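There are 2 protein chains.
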Amino acid sequence: MAVYTDVSDAELSAFVARYDIGALLSAKGIAEGVENSNFLLQTESGFYILTLYEKRVNEADLPFFIGLMDHLAERGITCPRPVRDREGRALQRLAGRPAAMVTFLSGMSVNRPEAVHCAELGRTLARLHAAGADFSLRRANALSLAGWRPLCEQARDQADSVSPGLRARIADDLAALEAAWPRGLPEGVIHADLFPNNVFFLGERLSGLIDFYFACNDAFAYDLAICLNAWCFEPDGSFNITKGHAMTHAYEEVRPLTEAEVAALPVLARGAGLRFLLTRLVDWLNVPPGALVKPLDPLEYDRKLGFHRHATSAADYGLMR
Amino acid sequence: MAVYTDVSDAELSAFVARYDIGALLSAKGIAEGVENSNFLLQTESGFYILTLYEKRVNEADLPFFIGLMDHLAERGITCPRPVRDREGRALQRLAGRPAAMVTFLSGMSVNRPEAVHCAELGRTLARLHAAGADFSLRRANALSLAGWRPLCEQARDQADSVSPGLRARIADDLAALEAAWPRGLPEGVIHADLFPNNVFFLGERLSGLIDFYFACNDAFAYDLAICLNAWCFEPDGSFNITKGHAMTHAYEEVRPLTEAEVAALPVLARGAGLRFLLTRLVDWLNVPPGALVKPLDPLEYDRKLGFHRHATSAADYGLMR
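These protein sequences, in sequence, are chains D and R. Residue 144 in UniProt numbering sits at position 144 of the first sequence, with consecutive numbering throughout. Residue 260 in UniProt numbering sits at position 260 of the second sequence, with consecutive numbering throughout.
Derived from the structure by calculation, the hints contain no laboratory data. Note that the coordinates shown come from a computational prediction; the quantities given were computed from them, not determined experimentally. Watch out, some of these pointers could steer you wrong.
What the hints assert, rightly or not - With a straight-line cut-off of 25 Å between C-alpha atoms, the simulated SDA-like cross-links for lysine to any residue are:
#1 D/Lys28 / D/Ser45
#2 D/Lys294 / R/Asp6
#3 D/Lys294 / R/Val7
The shape of chain D in the complex, shown without the other chains (with noise of 0.2 Å):
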């Protein structure tokens, strides 16, 4: 839930009034994502999203992720679609905040995914990942395995306090990523947080990708990672082979992995459980007393990292060969 920012009707309006959309006729801020305000707009000409991006958004990044939706769109990905104004603008300053507005998209996220769900995301991810192909700006990941190390040492002296042992369990992830992290594996633009959340559906078929702001460059392969660790587990911790094995086939239907991609798998899925786990226990951590947002379980992450540890190939995802 996030509306930070304030934005009275009156400015809203005067802020539609650049674009060529209609009169504002509604204005509703919305809950929806944990960093930005978002609102929805209703306007003679329909509907749309303005997000005002707060500080945890890096404002160098912007044209990134609103060219990124621009590219993406017009090769067939069905995502918001940044709205320019009169001048051509789609990157705006209102409430002195940077912001954006977008197309509305239809569609309800699946909150508990079955095969046929982890199908459809495996099939528009490959598809996604051949369609960024050719983008032109470039984005580091800062979630890698460089930025593992800081997050953990954020983290480390109060690990235990979360779950006994998380501390030498961490340690000991991040030494066997640092000694097995693979290099050269095909690369691209990547989506980097495919949560069901992010993901909507109109029925069983796929009708739309949102939430771009942590899109970046790197591994195709670890992309699907963090998707296996998204979609394919159990309320109970279970890795369900059955919805791996129906993403990654999916995936490999548009997009045939390299045998280096299969082989590096199993680490690949522990480095983006381990990505999950320290983002989420240093925003536990942090989370202010009386905060009304809940910070998202960071244990949950914990509890899929004793699969990863003890996976060995591709197999045990599913994926067969």
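With the hints as your guide, set chain R onto chain D.
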């Protein structure tokens, strides 16, 4: 801002399936009202607002609120219209809470009302009072004179910590109001909370009223007095008699006030001022540490009471005779 209860998209889809409004296409938690959880739903037939009633709403009052919106809408007052499921029920349960779906209204709130908006509001308020005349349910006003002393006692001991002398000013107001509160004025259904954020405009035309969850039976002129407080003061605390005249004049074009109502206006306005001072003061003194929701400033009403305490006739409010 308010989304207090999380409901998954799957639960919302199942809920919407009870209605004959098409499948759910999108659901967004929205920041509207401060008492309840609200979702903006898009279905195949259009947009709707789903409200989950949180603990500050008394469930026994819901048939009054739901019935009133239906009653008013049938009589041409533009307000959210309760949607009934296939079995004819408007009042439901969802996620353990009472819930109701209503139609979505376009429109924008005016944060700096001008005289033209005050006139529109006055006219619509009188039409609302006329439209409610034959509504069969009743609901007492828990926040009228008899409710103020308990609030006063709750806030008294800490009042001077908010503003020096506030305790004494409140005691004087309450004593004066208990001595002079009018009886026997024309009564009926009043909105009782018609602040600018509960009134929608499209351009300069009033397009709808929302949030009927303080509606009750009480003196019509008291509702007008609430609106004079909420709409006709300037940010510096001064009363704008031009706006007061516009509002009362437009009201009287639809429903002329009786001589008793005119005579009572200053005491009613002071009472309305005290009512919002007291509820805001109690909220202010009870805000949990670290809460994200900022309570409304009680002293805004202390300043408005500074005007009411010295008003001697309806003419001070712009009501000409």
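Evaluation of the provided hints:
1. Between D/Lys28 and D/Ser45, the direct Cα distance comes to roughly 17 Å. Compliance with the 25 Å bound is thereby established for this hinted pair.
2. With a C-alpha separation of about 11 Å, the suggested pairing of D/Lys294 with R/Asp6 holds against the 25 Å cut-off.
3. Our distance criterion of 25 Å between C-alpha atoms is met by D/Lys294 and R/Val7, whose separation comes to about 15 Å.
Hint compliance for this structure: no hint is broken.
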